[in-house]
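Chemist: The residues making up each chain are set out below.
Protein chains: 2
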Amino acid sequence: MNVVVIGGGAAGAIAALVAKKRGADVTLIRKDKEFFVKCSSPYVISGDVEYERAVKSDSMLTSNGIRLIIDEVTDIDTEKKIVRASGIDFFYNKLIIATGAYPFVPPMSVSGSVFTLRDGEDVKKIMDAAKSAKNIAVVGGGAIGIEVASELKKMGKSVMIVELLDHLMERVYDGEFCEKIERTLSENGIEIHTSTKVERIENSNVVTDKGTFEADMVVLSIGVRSEVELAKKTGLNVDRGIVVNDKMETSLRDIYAAGDCAQYVSIIDGKPVPSQIATTAVIEGKVAATNATGGNMSLNGLTNPIASEVFGTPIGRVGFNELDCKRAGIEYIKGYAKSLNKYDSEKDAKPIEVKLLFEKKSKVIIGAEMMGANIAERIDLISLAIQKKTTLGELALMNYCAHPKLTPLPFMEPIVMAAENALESLS
Amino acid sequence: MNVVVIGGGAAGAIAALVAKKRGADVTLIRKDKEFFVKCSSPYVISGDVEYERAVKSDSMLTSNGIRLIIDEVTDIDTEKKIVRASGIDFFYNKLIIATGAYPFVPPMSVSGSVFTLRDGEDVKKIMDAAKSAKNIAVVGGGAIGIEVASELKKMGKSVMIVELLDHLMERVYDGEFCEKIERTLSENGIEIHTSTKVERIENSNVVTDKGTFEADMVVLSIGVRSEVELAKKTGLNVDRGIVVNDKMETSLRDIYAAGDCAQYVSIIDGKPVPSQIATTAVIEGKVAATNATGGNMSLNGLTNPIASEVFGTPIGRVGFNELDCKRAGIEYIKGYAKSLNKYDSEKDAKPIEVKLLFEKKSKVIIGAEMMGANIAERIDLISLAIQKKTTLGELALMNYCAHPKLTPLPFMEPIVMAAENALESLS
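Protein chains in written order, with the numbering used here: chain A, 32 to 458; chain B, 32 to 458.
The shape of chain A in the complex, shown without the other chains:
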């Protein structure tokens, strides 16, 4: 069986590896010269991680017998089951589209030293420009924008973040978490301009509705859009991404999609959810490849767990936040907790803050926001709790381990404390 994979990011690479492992003949056609690990970009820019260490070797694919073609696919012929790249045809039995996403730039006039950030080439350009830049503006205060700004600041640059919305990360976190993030950035010397609309970039200066901010370099980090041109041209059902079902099947037979280019639904309300993160790509790639090669795997909606950093402080969320609930018309109750990541007898114990949301009637957990040390695995725990429709009562009685160097005090596990706090709000 011939499996052709278009795209070589996380979704494409994993899909190719899984399909190969399951016995298929696999061709991966990739536009990018190399597999650059995008989430490492901020740290490569600052020199904290060497560029080469953020590149995954292609031998990961080729040594497993995957045919790697560096080329751009121009057409898909769904009748003849052929993928065309630079005039060469590749026949497929099953096709997996993993074309990823591209950085979004709103229509505006742009001049000067202005960069978007997506692949390794972008990173190299930014690194090069940053050498001589003193004042750098980052437009867009999402996770990546914040990390890039933080890393540039650590390099000794003057850095500002310009954000259209009222808060940085407003689409990701509830207000109180956004404010903490903003405070941390301000305390570390980053200038923040929220509720500020960028009108144009003129000779690297950021012209906004609040005035002109001088800079000698600008990084645009406004978000990404699914790369769906090829899919549209091929006649696939495309919304904001390529529409897929729980098997990662598209609207056309024998064609699957996975990763940033695909649009799947939230586990909470069954509605489309933007989940353009690497782990979603990996999971969808695995599901697509398993089903494409005769297996049977269903993805029961996405919980969309994410984690990032603000000057060394981890932040993360999973499921729905309050804004999501309001938009979806879901009534909820909430629980808060503050704790430490170790026993309070440990001098290097660091704070953790947890907020949990539960659906009001069923008391089932639907979301979490966290900030502080060792929260990433706790985000995963809540992700599983959402997947398994865990109730408030069950979380409050969850068994957990304790050790002075490894966890909070036995009665200070923040997830349990937040569940208890929500429980109290009921009585």
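Quick caveat, the hints were computed from the structure, so don't treat them as lab data. In this text the structure is predicted, and so the values were computed from the model without any measurement. Some hints here could point you the wrong way.
Which copy? The list can't say, so a pair holds if one copy fits it or any two copies do.
What the hints assert, rightly or not - Within a straight-line C-alpha distance of at most 16 Å, the following computed EDC-like cross-link-like pairs (lysine to aspartate or glutamate) qualify: (1) Lys87 - Glu377; (2) Lys378 - Glu83; (3) Lys381 - Glu110; (4) Lys162 - Glu353.
Chain B: place on chain A using the hints.
Modeler: Same frame as chain A, now just chain B:
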């Protein structure tokens, strides 16, 4: 309503606080002069944690309006509902017994500088003796024995561990994990004598069936036994601990038990499980106090999650290991994975190893063993997975977050990898 709590460790303290919060008049009668956090003992001994930092202030109780009595209970009159201590009677509507456990010492002749380890007084004695001791023998290779030995070694002492069983921690981990633990200790200069029966301790020398090991100080860390004398005398149903049901009710009306003195069942096979750990104490104390004060909380069996350290490397387990399965006659399949705690591009990334066990027929997760950085929260995640009867397929498709500084690479989450490994063993 009068709630009397006997014992002021984790179970007793939490039970008192919860009962008080729920409106009861609460008296806590405690033998110990202070509330010493036992899991910190190894680190207090080495001076890594100051003694005072491992003592919880009694104001935690008294400032909340709990009547604290430092005294020993001699009798319980279940007819008159009276608890007697030093001739003073305390009337109860509901009684919560949380008498804890005591260090087990097998019958043998003992002379010299020999110590058991349980409370703060024991710690002080060991600290004092360790000042002049050069060669120290630790008898018993469980979690605490290993941590005490490691801390003493870090202080520059010559340290040996003498263990009756074939492996250190044999009752806790499967062979391959025990061997890793032993290797780590050996590499750090600790002398290990397994399969060695201690016959007596003579002038601080350890006389065994394999010969006499010279030492000038001995720490006995052979395990603990439930403190059940008072319960037996009172006529409660006692097995290895005070038998309780899912409400933490004992066999006698209006009397509850919680923590190390109580015996409750495993969530996996419903059979009694030794779970003398602080977090179990906290959970049971909470359940007992809630039910004693008119609430309704049921504990659905214990998963018994534990974590400890071997020279800075965390180790942990939850649920059943292979030995437990064999004893219980449970057929299982297993999955292994090795990963890192961060992206491989991070220079300080540390290894993680995960082993998962699933019940063969249902494919439901029943246990995990882990070693390496950031495993404690993953142990908790599997604890919840066990509680929620999560299957192999569900774990393999779990959503999780990824970030270079905070988690493994997107396709390297060890829990998911281990589930996939088990899945492969099925095909």
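Chemist: Against each hint, give a clear statement of whether it holds in the structure.
Modeler: Hints and how they fare:
1. Lys87 - Glu377: between (38 Å within a copy, 13 Å between copies)
2. Lys378 - Glu83: Classified as between: cross-chain Cα gap 13 Å, same-chain 36 Å, threshold 16 Å.
3. Lys381 - Glu110: neither (59 Å within a copy, 50 Å between copies)
4. Lys162 - Glu353: neither (41 Å within a copy, 57 Å between copies)
Comparing the model with each numbered hint stated earlier shows that hints 3 and 4 do not hold.
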